[in-house]
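Let the sequences and hints guide you as you build the complete structure.
Here is what each chain is made of, one letter per residue.
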Amino acid sequence: MIQFDRVSKRYPGGYEALSDVSFLIEAGEMVFLTGHSGAGKSTLMKLVALLERTSRGQVIVDGRNLAGVKRSGIPQHRRKIGIIFQDHKLLHDRTVFDNVALPLVVAGIGHSEARRRVRAALDKVGLLDKERLFPVVLSGGEQQRVGIARAVVNKPPLLIADEPTGNLDPALSVEIMKLFGLFNQVGVTVLIASHDHRLIRRLGKRHLMLDHGRLSDRPLHGDGETFDG
Amino acid sequence: MAKASMSGPTVFGRLGAWAAHHGHSLLSTLGRLSRAPVATAMTVGVLGIALALPAALHLVVDNMRALSNSWESALHISVFLKPGVRVPEAEALATTLRARDDVGSVRVIGPDEALAEFREQSGFGAALDTLRENPLPAVLVVAPPAGITSPGALEPLRGEIERHAAVDFVQLDTQWLQRLFAILAIAQRGIIVVAVLLGIAVVVTVGNTIRLDIQNRRQEIEVTKLIGGSDAFIRRPFLYTGFWYGVGGGLTAAILVAFALFAVEGPVARLAGLYGSGFTLSGLGMGGFGALVGTGALLAWAGSWVAVGRHLDEIEPT
Ligand SMILES: Nc1ncnc2c1ncn2[C@@H]1O[C@H](COP(=O)(O)OP(=O)(O)OP(=O)(O)O)[C@@H](O)[C@H]1O
Ligand SMILES: [Mg+2]
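Those protein sequences? They're chains H and F, same order as listed. Numbers 1 to 229, taken from the numbering used here, label the letters of the first sequence in order. Numbers 1 to 318, taken from the numbering used here, label the letters of the second sequence in order.
No lab work stands behind these hints: they were computed from the structure. For each residue, glycine too, the CB sits at the ideal point set by N, CA and C. Honestly, I wouldn't trust all of these hints.
Claimed, not checked - Chain F stretches covered by chain H per the calculated footprint, using a threshold of three residues with CB under 8 Å from any CB of chain H: (1) 201-209; (2) 217-224; (3) 228-237.
Stated by the list, open to error - Quick list of the computed label-pair ranges, beta carbon to beta carbon: (4) F:Ala19 to H:Tyr15: 16 to 24 Å; (5) H:His111 to F:Val38: 29 to 37 Å; (6) H:Gly110 to F:Val38: 31 to 39 Å; (7) F:Ile186 to H:His111: 52 to 60 Å; (8) F:Glu265 to H:Arg115: 50 to 58 Å; (9) H:Leu133 to F:Gly294: 40 to 48 Å; (10) H:Asn167 to F:Glu222: 14 to 22 Å; (11) H:His111 to F:Gly294: 26 to 34 Å; (12) H:Arg115 to F:Gln188: 51 to 59 Å; (13) F:Gly285 to H:Asp129: 53 to 61 Å; (14) H:Ser22 to F:Glu222: 28 to 36 Å; (15) H:Val136 to F:Pro267: 53 to 61 Å.
Unchecked claim - The calculated EDC-like cross-link candidates involving lysine to aspartate or glutamate, where the alpha carbons are at most 16 Å apart (straight line), are: (16) H:Lys89 to F:Glu316; (17) H:Lys124 to H:Glu142; (18) F:Lys82 to F:Asp112; (19) H:Lys178 to H:Glu29; (20) H:Lys46 to F:Glu222; (21) H:Lys70 to F:Asp231; (22) H:Lys155 to H:Asp62; (23) H:Lys130 to H:Asp98; (24) H:Lys46 to H:Glu16; (25) F:Lys82 to F:Asp168; (26) H:Lys205 to H:Glu26; (27) H:Lys89 to F:Glu222; (28) H:Lys46 to H:Glu163; (29) H:Lys178 to H:Glu163; (30) H:Lys155 to H:Asp123; (31) H:Lys46 to F:Glu316; (32) H:Lys89 to F:Glu220; (33) H:Lys70 to F:Asp168; (34) H:Lys89 to H:Glu163.
And the structure:
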């Protein structure tokens, strides 16, 4: 589903955020991306969503080499990816329902069909009763779940999340990760960038670790804890 | 073929969704504008004034042209005969003139008739009574045949009449008309210049308003781009907003022009009455109204295109 082939990314300032990164994530996999702050996790995510372009190497998403995607093709590419952000990126002048419906409106889905899908997505994240509220009145965890509902409403084959639990307490984080697990179970490929090593170990999924822009094969070390699973 | 007919329903479904989306955008942009009534009214007001000015000037020139055309039918040469010339001589001259191709009609006004007319129109009746003899000469009023409307066409005739022995002097009452036409032509050019400048002002005003709108909705644009909104999709509400500004400006301009017309209608009618003319002001009419609103919408649309083209690409999600 996602293939990086000797990818490097150098930002305009000259800083090389990713160096010679290669990996393959199969369709249906759920993979965590870890690494210290500044290791290049967000940069890698941005390359997948075509928010940035590679400096060298190739990124292939869903069988498509992203080097061949022109500017005009970017919207179509992004519709195949559900993107989830640490800061939710919800629109505060629109209701929960309208926020979640946005990807469908953008894709030109008819009104009644959109309505059905939005309610299905809100149901999955357990927020069906809040569809008329505005995001500001929701808790952090609820806002994040609205963001997830928006990401999955279009049934994309790929979900990417950049530190989706960064601002949440441990219990909420587990809940959110479980949610991702559920989507993964129905066949969605999931890539999550996270600092939360304990949580990742608990979930027992594959992980990729970045260290100063390079993939490292060092094992995960918990924050002073020992692994006992 | 089979494939096409199979995909038919979805194509129509998509078309329907597309049309529904356009309709929805049109209405929702209107709704958004109405939720900020003061800001919207100020923008629309400025556009209305900018559009009303050239429209009103155009109407003024149009009306003056119509008015002067009605005067043109009164084109004639006044031939003042020498003081000693009697009515029979004047009649004889009139008869020779009537035989000419370039003369339509000749009216003879003898000195007595002229005095009576003057007495009646000038109000100097009492003063005239003190005169011992009539100082007025006989006058021939020579009109060109029907169909001649250009003052220049009368020049050769005027020259010939002037050389006649009985003629004191000839007055072609058209020089001021020719000057008026020249002034109107200049005014028309001036209006085009004013219209172009104010048209640019409309484009710039709308462009700037839309630019601010884009900046205020930066986050929304970013998010929409992130979830795969196409450029066309993101552009649309801004273009429609511009369109509504233009329509609003055009309507405002039409109302302003109507008010101005209403304000001068009374005095103009009185003036026309003084000249014994049934002249009435003509307004914008349906065509003018449509042109005003259409021009407003078009210019404002263009303004929002400029703003959207320049500023939407700058906003990229990170
Ligand atoms: N637009 C940019 N221009 C220049 N340098 C950048 C840009 N974006 C990121 N960087 C640099 O690239 C490096 C990697 O950044 P990135 O955001 O990918 O790290 P990260 O692993 O997501 O870190 P964090 O865990 O703190 O979010 C950092 O050193 C950062 O300063
Ligand atoms: Mg990051």
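Hint check:
1. 201-209: Check failed, 0 qualifying residues.
2. 217-224: holds (count 5)
3. 228-237: holds (count 5)
4. F:Ala19 to H:Tyr15: 16 to 24 Å: 48 Å, violated
5. H:His111 to F:Val38: 29 to 37 Å: 32 Å, holds
6. H:Gly110 to F:Val38: 31 to 39 Å: 36 Å, holds
7. F:Ile186 to H:His111: 52 to 60 Å: For Ile186 of chain F and His111 of chain H the Cβ distance comes to about 58 Å; the hint holds.
8. F:Glu265 to H:Arg115: 50 to 58 Å: 56 Å, holds
9. H:Leu133 to F:Gly294: 40 to 48 Å: 43 Å, holds
10. H:Asn167 to F:Glu222: 14 to 22 Å: 20 Å, holds
11. H:His111 to F:Gly294: 26 to 34 Å: 31 Å, holds
12. H:Arg115 to F:Gln188: 51 to 59 Å: 58 Å, holds
13. F:Gly285 to H:Asp129: 53 to 61 Å: Cβ of Gly285 of chain F to Cβ of Asp129 of chain H: about 58 Å, so the range 53 to 61 Å holds.
14. H:Ser22 to F:Glu222: 28 to 36 Å: 31 Å, holds
15. H:Val136 to F:Pro267: 53 to 61 Å: 60 Å, holds
16. H:Lys89 to F:Glu316: Roughly 14 Å between the alpha carbons, so the hint for Lys89 of chain H and Glu316 of chain F holds.
17. H:Lys124 to H:Glu142: 12 Å, holds
18. F:Lys82 to F:Asp112: 15 Å, holds
19. H:Lys178 to H:Glu29: With a Cα-Cα distance of about 15 Å, the restraint between Lys178 of chain H and Glu29 of chain H holds, given a limit of 16 Å.
20. H:Lys46 to F:Glu222: 14 Å, holds
21. H:Lys70 to F:Asp231: 13 Å, holds
22. H:Lys155 to H:Asp62: 14 Å, holds
23. H:Lys130 to H:Asp98: OK: Lys130 of chain H and Asp98 of chain H at ~12 Å, within 16 Å.
24. H:Lys46 to H:Glu16: Between Lys46 of chain H and Glu16 of chain H the Cα gap is close to 14 Å, so the pair holds against 16 Å.
25. F:Lys82 to F:Asp168: 5 Å, holds
26. H:Lys205 to H:Glu26: 13 Å, holds
27. H:Lys89 to F:Glu222: 9 Å, holds
28. H:Lys46 to H:Glu163: 13 Å, holds
29. H:Lys178 to H:Glu163: 15 Å, holds
30. H:Lys155 to H:Asp123: 14 Å, holds
31. H:Lys46 to F:Glu316: 12 Å, holds
32. H:Lys89 to F:Glu220: 9 Å, holds
33. H:Lys70 to F:Asp168: Answer violated: Lys70 of chain H to Asp168 of chain F is near 89 Å, above 16 Å.
34. H:Lys89 to H:Glu163: 13 Å, holds
Of the numbered hints listed earlier, those contradicted by the structure are 1, 4, 33.
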